[in-house]
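Colleague: Residue numbers (my numbering), protein chains in the order written: chain A, 7 to 177; chain B, 588 to 743; chain C, 2 to 337.
Note that these hints are calculated values from the structure, not bench results.
Keep in mind it's a predicted model, so treat the numbers as computed, not measured.
Each hint should be verified, as a subset may be incorrect.
Unchecked claim - No farther apart than 30 Å at their CA atoms in a straight line, the calculated lysine-lysine pairs in the DSBU-like style are these: (1) B:Lys-591 with C:Lys-49; (2) C:Lys-134 with B:Lys-606; (3) C:Lys-64 with B:Lys-606; (4) A:Lys-33 with C:Lys-314; (5) C:Lys-49 with B:Lys-630; (6) C:Lys-134 with B:Lys-619; (7) C:Lys-64 with C:Lys-49.
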Amino acid sequence: MTASTVIFYILSAFAIANGFLAVTTRKIFRAAIFLLFSLIGVAGLYLWMSYEFIFAVQVIVYVGGIVVLIIFSIFLTQQAGEDMPMVLRGRQLFAGLASLAGFILAWLLVRDYPFAELRGTSSGEAPIAEIGTKMLDTGTGGMALPFEVVSILLLSAMVGCIVIALKTRKA
Amino acid sequence: MTLKTYFSNIFSTIRSLLKGMRRTGYYFTHHKEIITQQYPEYKPPLPERFRGEVVMPHNADNEHKCTGCTACELACPNGTIKIVTKQEINAAGKKKKALDTFVYHLELCTMCNLCIVACPTDAIEMAQSFEHSVFDRNSLIKTLNEPGSKLEEGIE
Amino acid sequence: MALFLEFVIAGLLCIGLFAILGLVLVLMERKVSAYMQIRLGPNRVGPKGALQTLADTLKLLSKEGLTPRGADRFLFNLAPFVAMIGTMLLLAPIPFAKGFQLWDINIGVLYISAVSSLAVISILLAGWASNNKYSLLGAMRSGAQIVSYELSAGLSIIAIVVLTGSLSISDIIASQADGWWIFKGHLPVWIAFVTFIIAVTAETNRAPFDLAEAESELTAGFHTEYSGMKFALFFLAEYINIFIVCAIGAILFFGGWMPFHIGNWEGFNRIMDYIPSSVWFFGKTFFLIFVIMWFRWTFPRLRIDQLLNLEWKYLLPISMVNVLLITLVAILGWHF
């Protein structure tokens, strides 16, 4: 077992343990923080694979964006430091079944994926300039269409926000 | 807001910010203007009417002017002064009230000067000392008349 | 084994740099503020007060670390370490001298702007876990502030990335061998520089943008409840953050460790090369730190609405237009 493997297991254990804590803790703010650590663990895995661009994007989007947004909404809505009520037994059962189903699906996919053949073929991360060019490329393999579709989605979300914000003012 | 006011706002803001920075920059580079006084080495001259604590001046023969009349004790709003008197037989063989101890509680004093105004014989006055900090509160209770001191001749 | 030794040496150097920078910057802040307010500043401990911050550190070390009742104990104790770790990670890609860089990552400035978003998490953690309304208010304010000013800081970094065509910090410095961007890039780079300085001042929660820790209204905001060494960690992280953003500013606009060269004055350039590159780097960085301190001791604090107005109505539109201008300059090759 090389040092690299050890680091991989540590990072994976960190991500999984924090993910598990995020769903089992009764304090909602702690859940958000454990989620954050789980996401950082995943970012660490990207870094371990030396996919640095993906690592930075993961940190910017999830740590700097999503988790901060979640924390803000907790600040603005929840009672400070109170435990969440216990979830109903029936719901617990079905949540467990759903996650089990998800795990089985993922496991089946991972089992049948030809990792061994791919090992060593990838030459690491593509240069950033290439990623950028591909992003706006309209030719084959170009990402211009998804890129623009995502832009339109975000634009509509922003317009929606402005409309909601304007409505309260009129009343 | 028109485009013109938008930009003129920006420029006037930058100008006023730079003005402020020029002032602090001037102070930063001109150390002559520093107004800090290095206190224990340099003690600034105190104004004449500065009141630091109540003292009782004694002359060379260890004599004071206090008759023990307790006018100051009555005048004090905080009960800072306690005067203990004793009976003394003077030269003429008459019994007379005289000062035994003049107890002054510095920790209660507000330096209001009312005791000095009330004193009929000008026996006490305000001193300019102000470094009064001590480790024990009890050492702020002072006896103002020197041990063995007497009333000055001719003071009634 | 050699790799392990390298790790140990790098780690020790990082921690040493942290400690020394903390001491030096706090002392510098106090001296600068004193002279700007026509005072003398600390001058009792050591020659001219040089050991004052050492004495302060000893005091903080000997203080009791309190945890308030009703606080979330785990998160409360975690927050200062998150602040510290986030700051330490930022040191990795900074070149302190020619060829003296821990990790020449090819996404340098992107890495910096990604990892610096950890700072806001530590502030939000501290604010929530303290179970104190001042802390919570401070944390909310600082969250809103950092999230919004990250935009214009990012856009002004992008301005230089557009001119250089690379995210790597060593490439950005190498592109300034024949002149720093602040001289080569005309007005757009100046606008980017001013935006950058304003945005990072806000991001590091310094006056005039110190709403998160406004002493007079929030009694120090998110670190109200922290004492002793835990407070010292926040304090240290704050000052190291200032150093790091100023270092980034020096790298992007003043060429990092690149000496000052003028066109083809061979003699002059030769003389400039004799000054060690680390002196150039630290000189530029400390100049920017001084400018930020100058801001702090000159300008009054902004209100929260003024703060958000400044970002969303002025800095963000201006820097967006500026990025377009820079792109035009870069495409047409108008820079020198």
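Colleague: Hinted pair, alpha-carbon criterion (30 Å max): Lys-591 of chain B, Lys-49 of chain C. Please report holds or violated.
Modeller: 51 Å, violated
Colleague: Are the Cα positions of Lys-134 of chain C and Lys-606 of chain B separated by 30 Å at most?
Modeller: Violated: Lys-134 of chain C and Lys-606 of chain B sit about 38 Å apart, past 30 Å.
Colleague: Between the alpha carbons of Lys-64 of chain C and Lys-606 of chain B, is the straight-line distance 30 Å or under?
Modeller: 42 Å, violated
Colleague: With the threshold set at 30 Å, check whether the alpha-carbon distance from Lys-64 of chain C to Lys-49 of chain C stays at or below it.
Modeller: 26 Å, holds
Colleague: Take the C-alpha atoms of Lys-134 of chain C and Lys-619 of chain B, compute the straight-line distance between them, and say whether it is at most 30 Å.
Modeller: 45 Å, violated
Colleague: Are Lys-33 of chain A and Lys-314 of chain C close enough, with their CA atoms no more than 30 Å apart?
Modeller: With a Cα-Cα distance of about 38 Å, the restraint between Lys-33 of chain A and Lys-314 of chain C is violated, given a limit of 30 Å.
Colleague: Just to be careful, I want the Cα atoms of Lys-49 of chain C and Lys-630 of chain B compared with a cutoff of 30 Å; is the pair within it?
Modeller: 20 Å, holds
Hints 1, 2, 3, 4, 6, counting from the list given before, are not met by this structure.
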